[in-house]
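Heads up: the sequence shown begins at 1 in our numbering, then just goes up one per residue.
These aren't lab readings, by the way, just hints derived from the structure by calculation.
These numbers were taken from a predicted model, which means no experiment stands behind them.
All C-beta atoms, glycine included, are put in the ideal place defined by N, C-alpha and C.
A few of these clues could be false.
Calculated pairs, BS3-like style, for lysine-lysine (alpha carbon to alpha carbon, straight line, at most 30 Å) [unchecked claim]: (1) K81 to K288; (2) K260 to K81; (3) K86 to K319; (4) K231 to K110; (5) K150 to K163; (6) K260 to K280; (7) K220 to K110; (8) K159 to K39; (9) K81 to K255; (10) K114 to K274; (11) K193 to K181; (12) K57 to K174; (13) K274 to K216; (14) K260 to K216; (15) K316 to K288; (16) K150 to K181; (17) K288 to K255; (18) K220 to K232.
Simulated restraints on C-beta separations [said to hold, decoys possible]: (19) K260 to F153: 45 to 51 Å; (20) D213 to F35: 29 to 35 Å; (21) I123 to D336: 20 to 26 Å; (22) L21 to K174: 25 to 31 Å; (23) N326 to A23: 19 to 25 Å; (24) I164 to P93: 21 to 27 Å; (25) K181 to H201: 27 to 33 Å; (26) Y59 to K260: 41 to 47 Å; (27) P93 to I215: 36 to 42 Å; (28) K274 to S202: 46 to 52 Å; (29) N314 to E130: 32 to 38 Å; (30) D134 to D180: 39 to 45 Å; (31) I123 to G325: 24 to 30 Å.
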Amino acid sequence: MNPYKKWSFLFFSILAVVFSLIASSVYIIDPLQMFRKMKYEPFYDFNERHITPGIIKQYDFNAVLLGTSMMQNSKPSQVDKLYNVKAVKLSFPAATILEQEFVFKHAAEKQPLKLVIFSIDSISFSNDKESLGDEFPHHLYNLNHTNIYKYFFDFYLLKKMRKINFLSIYNGRKYEYNFDKVGYWGDSKVYSKISLFDSYHSPVFKNLEFKPDLIKNVSKNLEYIFEPMIKKNPNTEFLVFFPPYSILYWARYSKSGHLKDQLTFKANIYNSLKKYKNVKLFDFQIEKSITHNFNNYCDIMHYSPKINEYIIENLKNEKYLINEGNIQNLLNALKDQAVSFEKQHLPSIIRKEYEDA
Numbered sequence: 001m002n003p004y005k006k007w008s009f010l011f012f013s014i015l016a017v018v019f020s021l022i023a024s025s026v027y028i029i030d031p032l033q034m035f036r037k038m039k040y041e042p043f044y045d046f047n048e049r050h051i052t053p054g055i056i057k058q059y060d061f062n063a064v065l066l067g068t069s070m071m072q073n074s075k076p077s078q079v080d081k082l083y084n085v086k087a088v089k090l091s092f093p094a095a096t097i098l099e100q101e102f103v104f105k106h107a108a109e110k111q112p113l114k115l116v117i118f119s120i121d122s123i124s125f126s127n128d129k130e131s132l133g134d135e136f137p138h139h140l141y142n143l144n145h146t147n148i149y150k151y152f153f154d155f156y157l158l159k160k161m162r163k164i165n166f167l168s169i170y171n172g173r174k175y176e177y178n179f180d181k182v183g184y185w186g187d188s189k190v191y192s193k194i195s196l197f198d199s200y201h202s203p204v205f206k207n208l209e210f211k212p213d214l215i216k217n218v219s220k221n222l223e224y225i226f227e228p229m230i231k232k233n234p235n236t237e238f239l240v241f242f243p244p245y246s247i248l249y250w251a252r253y254s255k256s257g258h259l260k261d262q263l264t265f266k267a268n269i270y271n272s273l274k275k276y277k278n279v280k281l282f283d284f285q286i287e288k289s290i291t292h293n294f295n296n297y298c299d300i301m302h303y304s305p306k307i308n309e310y311i312i313e314n315l316k317n318e319k320y321l322i323n324e325g326n327i328q329n330l331l332n333a334l335k336d337q338a339v340s341f342e343k344q345h346l347p348s349i350i351r352k353e354y355e356d357a
């Protein structure tokens with residue numbers, strides 16, 4: 001064998017061994033629970049879109065928490081106690097309705113669902129895409145010989161695996177996977193007036209301005225995605241709620257002149273869902289004790305975990321239930337609050353005169 005062939009053979013042999021070791025490590029540790037439940041100390045610091053498929057595959061449940069980051073600090077354990085169910089959290093940041101429908105479908109196919117708690121955001125319904133993006137981990141829902149390499153050689157996953165205490169499998173302890181911790185970020189933020197007001201100037205939230213095709217996209221997504229979820233699952237109870245964004249969120253829309261479209265979005269949701277007997281719709285958005293208490297927020301949208309607990313508790317007692325007799329009053333009250341705050345307080349916030357706001 002000439003030297004070139006010898007070194008080529010050696011190089012590719014080493015490469016094959018390295019790849020085999022990597023693939024074997026991922027298979028054995030199985031950080032996303034594709035093949036088995038975690039036997040070591042649970043590790044939750046993964047992209048929530050990647051965690052969800054393993055939860056659906058490996059665990060028994062009959063209730064799910066769906067939605068965006070507004071749902072992530074909610075606790076399935078609280079839902080379990082209030083509703084006598086076994087709940088898991090399948091929500092993730094900026095989830096589109098298409099993504100949520102995909103996740104729901106796979107969860108419902110795994111086992112019959114008694115209860116779905118669903119946070120509803122206009123941003124989720126504003127997307128005009130007709131297919132899931134490339135960033136969505138389709139392969140994790142259907143691993144096979146043609147795509148399993150994506151799991152074994154995911155660079156993001158390999159970096160995260162370094163933090164896993166997989167040797168804890170040998171310490172004799174039995175670990176339970178805590179669904180409350182999945183996607184939970186509530187203790188990593190500061191909830192204060194300063195955090196809230198500063199976020200008003202953040203580029204992240206400046207990008208939340210009105211989308212011209214909002215109403216058209218909402219109607220399409222309601223008709224072709226959200227309503228079929230409900231129609232096809234008449235034995236599943238859906239508790240759907242509008243989350244209590246801070247009053248600054250609504251004042252921003254009032255200032256931009258697009259508050260009417262947000263109110264139309266809410267009205268359309270109600271009118272589409274009111275005919276379904278297995279749906280209850282709730283509105284927390286005019287509760288001033290929440291939305292006007294600036295220390296509840298880390299930015300103009302996201303509230304502290306204690307508000308998540310309050311929401312789950314009050315879904316049960318139906319204090320904020322929407323019906324034909326109160327829907328218009330709720331919309332009018334939100335409009336009045338937004339316009340009033342925009343006129344009286346927003347100018348000082350824009351100038352960062354926080355003490356007087």
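*For which of the previously enumerated hints does the structure constitute a violation, in increasing order of number?*
Numbers 2, 9, 20, 23, 27, 28 and 30, in rising order.
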